[in-house]
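Enquirer: Chains as they are written, first to last, in our numbering: chain V, 657 to 1055; chain U, 2 to 328.
The set of hints was computed from the structure by calculation and includes no laboratory data. Each hint should be verified, as a subset may be incorrect.
[Stated by the list, open to error] Taking lysine to aspartate or glutamate pairs in the EDC-like style, the calculated list, with each CA pair at most 20 Å apart, reads:
1) LYS853/V / ASP792/V
2) LYS834/V / GLU862/V
3) LYS686/V / GLU715/V
4) LYS277/U / ASP756/V
5) LYS277/U / GLU732/V
6) LYS757/V / ASP272/U
7) LYS799/V / ASP152/U
8) LYS1050/V / ASP830/V
9) LYS757/V / ASP34/U
10) LYS277/U / GLU735/V
If you're wondering where the values come from, they're calculated on a predicted model, not measured in any experiment.
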Amino acid sequence: MQRRTFVTLAVSAALLSFTSGFAYAQEVVKIGASAPKTGPLAGGAAVTHWPNVKMWVDEVNARGGLKIGDTQQKIELVEYDDQTNPENAIQNIQRLATVDKVDFIVTPYSTGINVATAPMIAQHGYPHITTSAATDGVEEFAKRWNNSFWMLGTATQLAKGAVETLVKLRDKGDIGNKVALVNVTDAFGMELLGAAKPALTDAGFELVYEASFPLGTQDLAPVISSAKAASPDAFVAFSYPGETFALTEQAQIQGLDVGAFYVGVGTAFPSFAARFGKAAEGIIGIGGVNTDDPKVKDYMERHQASAGQGPDFWASATTYAGLQVLEQAIEQAGTKDRAAVVQAIKDGTFDTVIGQVKFQNNVNPNVWTVGQWRDGAFVAVAADGIEISQEPVKKQGWE
Amino acid sequence: MSPLPFNLTQEELRAGAVGAALVIVAALLPVFDQAYYLALGVNIMLYAALCTAWTLFSGPTHYISLASAAFFGLGTYSVGLGIDHLPFPLLVLIGAGCGAVLAGIVGVATLRLSGVYFVIFTLGLAELVRQLVSWGQSKITTRMGLYVFTDFTEKHIFWMLLALTVLVFITGWLINRSRLGFAMQVIGNDETVARHVGIDTARAKIILFMISGAFIGIAGAICAPRYAYIQPNSAFNPTISFLVVIMALLGGTKRLWGPLVGVIPFTILMDFVTAKFPNHTSIVMGIAFLAIVYFIPNGVTGLIEQARTKLRSRMGAPAVKPGEVQP
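Looking at chain V on its own, in the form it has when it is part of the complex (with noise of 0.2 Å):
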């Protein structure tokens, strides 16, 4: 009996979940879509990556559809959860491309399955234009697979920004030359640590402290500890969200007193602001946006009406600007060919919420590199390629 309520409940469920696709008729534009829904990134995603999808596509059916030729077609998303998962992110991106057949994708979330997934994704000669992957290795992707796109800088731009910004400081008589460093050992936090500590060198800044710690270290007390120890005059930390939160929390404390309060992802997090209150004032971290940009102000207001929520003030914006770009490219080709839609790419100027992208060699060179937290916004203050929000200025205490 047991079994035969189950074996029903279970039919009835498949039934439900095959018959949901057939309501259509009008021609549609078929979008896929793979990234965490569960796993570790899926709080990042969450934030950074579903939000802008959902958004754009309602905000492109809202307007009849995507102009190919002269038709106007809805985009209709089909979307799987990767689970953070290479093997998955694989696996849905062929499933997206052979057996749902869809015209185009949207990026994977995150550096490792966005390199994992790029053969074949290559394989099938969709665009792929990445949001998500911020790595020196950007110049030798594109130049590997022709139809990769990559928007969000590399490691160096971002630690060049973060030495730049302790540089002006320095130079205003905000701080002085001592500097405790630290770093996260993956791959990530390794890269920013190895362009920034020649950059400080060469700036002429004195390294007080120096430490590293494995991603997910529970206990960062004795970091803070020690650094403060050393009474630096600027704290740097390449970390990731749990290590960002917990080395803030630590700081604020025990009191850390630096003039200049550097922590890495996470901090452009509206829930960072959200928990650390006035104490976030003055922080600065990886990110930021031109919060003055009207088209920044109105970006930021939609995505709080369709999730509910704000986007974060680092790779939201460039997330929704991705898809921007594929939206005008289709519409400049004015066909689903996928190599047409590249080629235009490649050729195309794109005006997007981060302003006019024109790829170099598939890269967008023009990025945001360092925000600092300024009455509830995190403003940019430095920038490569493109205008900063506001000019850095003194952490005042942790009040």
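Keeping the supplied structure of chain V fixed, place chain U upon it in accordance with the hints.
Expert: Coordinates of chain U only, in the frame set by chain V:
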């Protein structure tokens, strides 16, 4: 009837022929599909190799090892760290060696303990090795992100994993025929008895654990070019350890081919769930686990054997009258 070479029995010969035919059919998959079904095939083949290698040790000894991710990650890292300096086949061997050495050390340290201590130790092991590897990477090497770019495509990886699975099966078969295999059977039935009849139980278990670890290391090494970007989180992903155990137990570990009948339906089920319920994967998988444990507690092999006995008794016994209730 003339005796068969290597003292093979008729039944072994038949099983071998069926196995060879299945391998040939499997090897032809990339000819028919180069995309989705191949990707699915690679995943099935990966877990087929991992679960069978796991069963080599855990089947006869009943020690549940959650260390698969540690061996797998070592294999992946061997390739990631060495791909610019050494040829790939050599790195695969190094991966196997690392897996075996780690298994040996762990075995010496823990296999004298029994039951739950071993499970907990192996669970922590993957995390420990992950931390050691990333610490070593940051202190010793200057390489930052580990990229593995090769000319291998999905079909090459599929064939390598297929070859590995065949190798695991042949090794398992050879072990079963050897003194070591016999010793393992005794240990599995009663370890105290095994010790009393003069079997060096610790040595036997360590050797088997090393063989199992080496194979899992090889699987990790083969997968490195597929990941392309090697990170500690994906190489030492603890999910691998758990999936291996779940799939192997679903299949049943009494026979070497047991895990296979677990891996294939499980991977396909998991794929179906991911495709049809992208927003509810965890909950649907959870229900599936419950259903599996509740309805097939002895694994798929248990079901097959049950069906077989039923069939036999039915054929031997007088036909059941219609309407009669079966016990």
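Enquirer: Against each hint, give a clear statement of whether it holds in the structure.
Expert: Cross-check of the supplied hints:
For the proposed pair LYS853/V and ASP792/V, the alpha carbon gap of about 15 Å is at most 20 Å, so the pair holds. Of the supplied pair hints, the one linking LYS834/V and GLU862/V holds, its CA atoms being roughly 5 Å apart against a limit of 20 Å. Between LYS686/V and GLU715/V the CA atoms are separated by roughly 15 Å; this keeps the pair inside 20 Å, and the hint holds. For the given pair, LYS277/U sits about 12 Å from ASP756/V by alpha-carbon distance, which is consistent with the 20 Å threshold.
Between the alpha carbons of LYS277/U and GLU732/V the distance comes to roughly 16 Å, so the proposed pair stays at or under 20 Å and holds. Our distance criterion of 20 Å between C-alpha atoms is met by LYS757/V and ASP272/U, whose separation comes to about 17 Å. For the given pair, LYS799/V sits about 15 Å from ASP152/U by alpha-carbon distance, which is consistent with the 20 Å threshold. As the CA atoms of LYS1050/V and ASP830/V are separated by approximately 6 Å, the hinted pair is consistent with the 20 Å bound.
In summary, the hint linking LYS757/V to ASP34/U is supported, as the alpha carbons are separated by about 15 Å, within the 20 Å threshold. For a cut-off of 20 Å, the pair hint linking LYS277/U to GLU735/V stands: about 10 Å separates their Cα positions.
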